[in-house]
Amino acid sequence: MTYTVYLSGEIHTDWREQIAQGAKAVGLDINFTSPVTDHDASDAAGDHLGPASEGFWRDHKSSKINAIRTRTLIEQADLVVVRFGDKYKQWNAAFDAGFCAALGKPYVTLHAEDIIHPLKEVDASAQAWATTPEQIVEILRYTLKA
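Per the numbering used here, the very first residue in the sequence shown carries number 6; after that it's consecutive.
Since the hints were derived computationally from the structure, they do not count as laboratory data.
Quick caveat: nothing in here was measured; it's all calculated off a predicted structure.
Warning: the hint list may mix true and false statements.
Below 16 Å or equal to it, Euclidean Cα-Cα: the simulated EDC-like pairs (lysine to aspartate or glutamate) are [unchecked claim]:
(1) K29 / E139
(2) K92 / E118
(3) K66 / E80
(4) K92 / D119
(5) K94 / D119
Distance windows between CB atoms, simulated [what the hints assert, rightly or not]:
(6) A117 / G55: 16 to 24 Å
(7) W62 / K92: 23 to 31 Å
(8) A129 / D48: 30 to 38 Å
(9) Q140 / A57: 37 to 45 Å
(10) Q26 / T77: 21 to 29 Å
(11) T136 / A57: 24 to 32 Å
Backbone N, C-alpha and C fix where the C-beta goes; we use that ideal spot for every residue, glycine too.
The whole structure should be built from the sequences, with the hints applied where relevant.
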């Protein structure tokens, strides 16, 4: 049986690749999915719907198109990993974690210790908190252990 894991959050580092490679190295049968991680492509997701008169409307159209992908893939996932990086405020990641909590979808957070306090509510609903991609791989290995 293939396990599906949605990798949500920060897009500026290679944490997704580290998890995928680690899972493959220990022989896990996992289908990894994620949001569009090309920032410019994500911002332009709604551009084909016509010109927007203001920046807000461009973002509004694109966020709705991106939400189709995000919502569908989270609903289809067996587990969601939500990564909060050290740059930028990742509102999307927090929203994804809240969506998981509302659905009763298990999720694990991945972030450094220095943002424990601002993420206390997000972490409180998570099934686990990890600080490294290797810890996520170990959670996956244990979860899928026969």
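Here is what the structure says about each hint:
1. For the suggested pair K29 and E139, the alpha carbons sit about 12 Å apart, so the restraint of at most 16 Å is met.
2. The suggested pairing of K92 with E118 holds, with an alpha-carbon distance near 14 Å, which does not exceed 16 Å.
3. A threshold of 16 Å between alpha carbons decides the hint, and for K66 with E80 the separation of about 22 Å lies outside it, so the pair is violated.
4. Restraint check for K92 and D119: satisfied, since their Cα atoms lie roughly 12 Å apart, inside the 16 Å limit.
5. With a CA separation close to 14 Å, the supplied pair K94 and D119 stays within the 16 Å bound.
6. For A117 paired with G55, a C-beta distance near 41 Å fails the hint of 16 to 24 Å.
7. Distance hint check for W62 and K92: the Cβ-Cβ separation is about 27 Å, which falls inside the suggested range of 23 to 31 Å.
8. The hinted range of 30 to 38 Å is satisfied by A129 and D48, whose Cβ atoms lie roughly 31 Å apart.
9. Q140 and A57 have their C-beta atoms about 41 Å apart, which keeps the hinted 37 to 45 Å range intact.
10. A hinted range of 21 to 29 Å holds for the C-beta pair Q26 and T77, which are about 25 Å apart.
11. For the pair T136 and A57, the supplied restraint of 24 to 32 Å is violated, since their beta-carbon distance comes to about 39 Å.
Of the numbered hints listed earlier, those contradicted by the structure are 3, 6 and 11.
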